[in-house]
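> So you can see what is in the structure, the chains are spelled out below.
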Amino acid sequence: MGDVKFMKGNEALSEAMIRAGCDAYFGYPITPQSEVLEYLAREATKRTGMVVLQAESEVSAINMIYGAAGCGKRVMTTSSSPGISLMQEGLSYIASAELPCLVANINRGGPGLGTIQPAQGDYFQSVKGGGHGDYHLVVLAPCSVQEMVDYVKLGFELADKYRTPVMILADGAIGQMMEKVELFPQMERVVTDYPWATTGRPAGKDRRYITSLHIQPEKMEEINHTLQAKYKVMQETEVRYQALHLDDAEYLMTGFGLAARICIKAMELGRAKGYKIGMIRPQTLFPFPTKIYAEVAPRIKGILDVEMNAGQMIEDVRLSVEGKTRVEFFGRMGGMIPSPDEILENFEKYFIKGS
Amino acid sequence: MLQEAIFSGFGGQGVLTMGMLLGYAGVIEDKEVTWMPSYGPEMRGGTANCIAIVSDSLISSPIISTFDSAVTLNQPSIEKFEYKVKVGGNIFYDSSNTINPPTREDINIYACPVSEEAIKLRNSKVLNMIMLGAFIEVTKVVKMETLLKALEQVLPERYHKLIPLNKQAIEIGMGLVRK
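Taken in sequence, the protein lines are chains A and B. Add 106 to a position in the first sequence, counting from 1, and you land on the number used in our numbering. Add 1 to a position in the second sequence, counting from 1, and you land on the number used in our numbering.
For the record, the hints were derived by calculation from the structure and aren't laboratory data. On a predicted model such as this, the values are computed, not experimentally measured, just so you know. Every residue, glycine too, gets a C-beta built ideally from N, C-alpha and C. Among the hints, erroneous ones may be present.
[Claimed, not checked] Derived DSS-like pairs (lysine-lysine); straight-line CA-CA distance at most 30 Å:
no.: 1; chain 1: B; residue 1: Lys87; chain 2: A; residue 2: Lys459
no.: 2; chain 1: B; residue 1: Lys126; chain 2: B; residue 2: Lys168
no.: 3; chain 1: B; residue 1: Lys87; chain 2: A; residue 2: Lys455
no.: 4; chain 1: A; residue 1: Lys379; chain 2: B; residue 2: Lys141
no.: 5; chain 1: B; residue 1: Lys87; chain 2: A; residue 2: Lys382
no.: 6; chain 1: A; residue 1: Lys379; chain 2: B; residue 2: Lys87
[Said to hold, decoys possible] On the chain A side, residues computed to face chain B include the following (Cβ under 10 Å):
no.: 7; residue: Val110
no.: 8; residue: Met283
no.: 9; residue: Glu285
no.: 10; residue: Leu364
no.: 11; residue: Arg367
no.: 12; residue: Ile370
Model the full assembly from the supplied sequences, consistent with the hints where possible.
As structure tokens, this is what we get:
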């Protein structure tokens with residue numbers, strides 16, 4: 107068992123980054139994730155020699171990530187919604203160049219400069235592309251401080267395994283709240299001699315070259331095929347989700363991250379009133395756990411999807427159930443957080459009173 | 002055991018610290034804990050609050066709308082949270098600093114003159130610790146010794162000389178609600 111501590115989500119994320127043997131962090135402060143850079147500046151360099159650098163902007167930070175990842179280094183950046191928007195061009199380039207890196211978005215209310223309160227309005231941006239071209243990020247959705255830690259380790263592993271950018275999509279509340287957390291032991295910073303890394307021309311061998319520019323369409327299509335093949339493997343092997351009470355469920359609640367945590371409470375309140383509610387919480391938003399929804403849909407009366415946005419993941423839920431059950435939505439926006447009571451009221455409105 | 006509490010008061014009264022200390026103490030006693038601060042506009046002036054949940058089993062939602070206990074250090078907090086206490090729950094308030102005290106008859110109301118007691122201790126800053134003493138005496142969420150251990154963890158060593166004063170404050174608070 108590792109160390110058990112009482113930590114803030116953002117600090118736990120930073121501590122996990124250090125312990126995962128991260129080589130470099132490039133970032134630019136923004137509420138509600140400024141603790142990350144503060145924590146790393148205080149702790150990281152003196153403990154592991156990790157490079158921690160405040161870039162002059164998010165555009166600069168993501169391109170530093172691109173460069174350092176290209177050198178075969180384990181790298182990460184974090185930001186919040188408006189800052190993540192600025193990073194989209196870079197993420198598209200990194201996905202195309204097939205480089206591993208980890209990015210965390212501590213989602214706040216939008217659109218625009220919005221508010222510093224927690225929200226989940228960046229689901230589409232994270233899961234459906236964000237930048238240009240046909241690419242995906244692996245998207246991990248933590249719902250607790252513990253998962254902030256676990257997904258840093260998992261995120262680096264997936265990034266390395268698939269040579270792909272990985273996104274941790276959390277929100278301001280998970281970043282700011284404190285919970286009991288078990289930390290994994292300090293890992294060595296490994297120097298890996300990747301065959302693709304630009305670490306200097308090896309004697310007698312070809313020059314290594316990283317780019318996302320391929321003027322010949324034949325070559326660019328080939329690259330697209332490589333990427334799509336990779337995403338297919340992810341969809342077959344990397345799906346992760348949490349399921350509760352599926353055995354006796356007549357209804358489902360579903361959501362990700364903080365909204366899912368609140369749904370679990372609403373589900374408990376509902377079960378105490380005799381409603382047979384189950385729960386599916388996707389932990390990977392890409393690849394999305396389509397199969398489990400499809401499997402459950404024919405035998406339930408309906409799904410209430412709850413998100414802190416206007417309804418984004420619900421599109422994937424609907425695609426998954428293929429019309430075999432009713433899917434209704436309840437959400438709050440702009441930094442407002444739904445309460446368990448509100449969720450249960452909406453569940454009753456759709457499925458108990460109105461049915 | 003499950004205790005869902007809200008701590009609320011003016012910024013600077015130490016409401017976030019009360020909840021946080023409870024969290025640290027909960028972890029020491031190997032309980033599950035969640036602490037959710039207000040970090041938004043409130044933190045930038047005005048009334049601040051935090052939700053602290055301590056439980057023997059896994060905690061579902063860190064965000065809740067009704068509470069087992071409300072610890073209110075100012076008038077706006079009483080007005081905001083009195084009616085969010087569950088039936089049979091507790092409200093603690095600073096009776097030396099309140100014009101309109103809570104009035105509900107279906108909850109336990111603890112009038113704690115914490116400002117006065119803090120002044121008697123010649124340190125107005127420990128009013129939150131007095132209130133925390135009253136809170137743990139009633140709810141029995143964590144032991145006093147654990148709170149003191151938590152203080153040792155949280156305070157930098159140069160402030161450890163203040164631990165006896167905090168201990169005294171907690172004990173006074175416990176005495177205020179002991180019948």
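> To test your reading of the hints: which numbers does this structure violate?
none
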